[in-house]
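Assemble the complex: chain A is given as a structure, and chain B must be docked to it using the hints.
This is what each chain is made of:
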Amino acid sequence: MRPSSARLLNILVPIKRSIDYAVKIRVNPQQTGVETNVKHSMNPFDEIGVEEAVRLREKLKDAVKNITVVTIGPTKANEMLRTALAMGADKGIHIEIPETLSPEPLGVAKALKEVVNKEKPDLVILGKQAIDDDAGQTGQMLAGLMGWSQATFASKVEVDEPRGVVTVTREVDGGLQKVECKLPAIVTTDLRLNEPRYTSLPNIMKAKKKPIEKLSAEELGVDLRPRLETVKVTEPPKRKGGAKVESVDELVAKLKEAGVA
Amino acid sequence: MGKYKGQSRLVLKPKSTQEVSQIMKHCWERRIGVVPQGGNTGLVEGGGVPVKDEVVLNLGSMNKVRSFDPVSGALVADAGCVLEVLSQHIAPHGYIMPIDLGAKGSCHIGGNVATNAGGLRLLRYGSLHGTVLGLEVVLPDGTIIDQLSTLRKDNTGYDLKQLFIGAEGTLGIITGVSILTPPMPQSTNNLVLALNSFENVLPIFKKTRARLSEILSAFEYFDRNAYELVVKHKLGKPLAEDEIADAPAFVLVETSGGNKEHDEAKLQEFLEEVMSDESLVKTGVLAQATEQFQQLWALRESIPEAVSKEGKAYKYDISVPVSTFESVVAKTRERLQEKGLYQTPGGVREVVGYGHIGDGNLHLNVVAEKYSDEIEAALEPFVYELVESHRGSISAEHGIGLMKAHALHYSKSKESIALMKKIKNVFDERGIMNPGKVLE
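Line order of the protein sequences matches chains A and B. This note's numbering puts the first residue of the first sequence at 7, with every later residue one more than the last. This note's numbering puts the first residue of the second sequence at -12, with every later residue one more than the last.
A hint or two may mislead.
[Unchecked claim] What the simulated footprint calls covered on chain A by chain B, stretch by stretch (three residues with Cβ under 8 Å from a Cβ of chain B suffice, anywhere in the stretch; the number is not a length):
hint, segment
1, 27 to 38
2, 44 to 52
3, 195 to 206
Note that these hints are calculated values from the structure, not bench results. Computed from a prediction, not measured in an experiment: that's the story for all the values here. We treat Cβ as the ideally placed atom computed from N, Cα and C, and that holds for glycine.
Just chain A, with the same shape it has in the complex:
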């Protein structure tokens, strides 16, 4: 445990470049995955994570020493780091991988563990899931690998920095749950945590001067190759339109036919 008095917080926010949420997803003709030659943007849950880190600084002022954002992705993932820097992060780390490689949560968590060991953050804020794979595992796995406290699906985050604790309100089935974690800790964000700000032009200009460090999986000593093999990707069956029935008898007959009644 680190000393608890008058410390400065370092925050790490991992972000992922994913297909823009408004894009209509199409399966590629080879049925090996989805069409990726479409608009990409920052995974919305990660954007909430960046926003939360920036808000913590606005609230705690100088007590937040540094906000670092990290991404694992192709060359273009650089743009996501620039967006996060424009929102208010201080430094970016880009673990560059080929566009064709799509790492799985465990690989990502192992890579993040190395970044955490290097950067020594007190708080890691991740999106609860990425909207492309919907795995929702990375934050938990990272907490496991680090042996840190974790608070997932956060809808409110309060840091009591002199005491070295973070209080997180979690959205759970049937209500809200409040948990207190000792720092260092892992927090994953839910949709209602905050509404991310616009990136203003003066800040976009300033972000160009902020540093982005490049790392490779080899340098970190991790293997990002997936362990699962995708056999086939297909679209869900088209929904059939409803129809009107003339009578109750017909309705019952149809239900029986469909095996409902």
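Frame of chain A; chain B shown alone:
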């Protein structure tokens, strides 16, 4: 808008051009007035609303796409097709409609053509006078004129279709439209700039055109009052308050192009130039994802909705030189102040200005607690004379309809109006087509 009320007792919904023709023949013989009706989204009560007890002819049941050529982009459709439905029909082929407006979910393509609707894409794709390739029209006596050409070039005789575009249903009923649709842009971006003063709009517009050239697809203006109304009624996500400070004017710039990297490089260059001169721009926002792209558009597109939530609106849709946009709004406000009607009980709540800089089209909206003769007398003919003094148009894209027929002379000479009346007579000597609209 609840300002006019018709007393029609009969609405007909024909399913085919033949049926329209039969109805018109019958009405011609019996001298019964007919009002064609589309999606009922007009703002000057042109189509749709009968003056007395005319028959309403609603084209909503003529809603089939007749053909689409995925090579040329020529689309032929029934007049009653909803604009958005047409967009969805051609989207899988990689095309978009050349016009886009706030009412896209309910307005009909026939109504768009009949009123020569403008909208948000005019800067890029031009007016319907250019994109419409042909029309099928039923004349007041029931004659069907089939000019549904899909040719881009056709210099054989008078170009009759042009007469029906913008005639607001006073010369005949458009039953089918052939229109050229442009390819869908592969990459779109937008940004909002908060300006230090209105005087900066034109220098920025010039820079925008020079730097963004062929990818520029919209350049929209809104004043601070319009912005505040949208924020007040929670219809758009505001920019950071401390950054925009006292900015009196905003512009929205949209680009559409074929290559993301190319477009973004151009945008970066443009932004660096604009942001380097601090006297021009206070701050701005560049959309980072589709959600923000839509949020930024909402700031501009929600203004009409915010205006109607604020109160009863007197809407003037005028063409004036862009340099006079701010002064036209200011003079109108001064006029209302002089008359003791500005921000007084029962009076005018706000005067806002917004519009399409690219087309010199200003929407001047006066929002009042309620409609009153006093306010109307203060505004008309004041606004029309103001427009005339700038050699402007009293109706840039909304048309003349019933509401502005009396004011046509502010924008068109006596000789022009006399010729219009002659033309109307050639088509409709019995005066049964949309009576009372456009020409008094």
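Tested hints:
Only residues whose C-beta sits within less than 8 Å of a C-beta in chain B count toward coverage, and the segment 27 to 38 of chain A has 3 of them, enough to reach three; the restraint holds. By the rule of at least three residues with a Cβ nearer than 8 Å to a Cβ of chain B, the coverage given for the segment 44 to 52 of chain A holds, with 4 such residues. Under a criterion of three residues with beta carbons nearer than 8 Å to beta carbons of chain B, the stated coverage of the segment 195 to 206 of chain A is upheld, 5 such residues being counted.
In summary, this structure violates none of the numbered hints.
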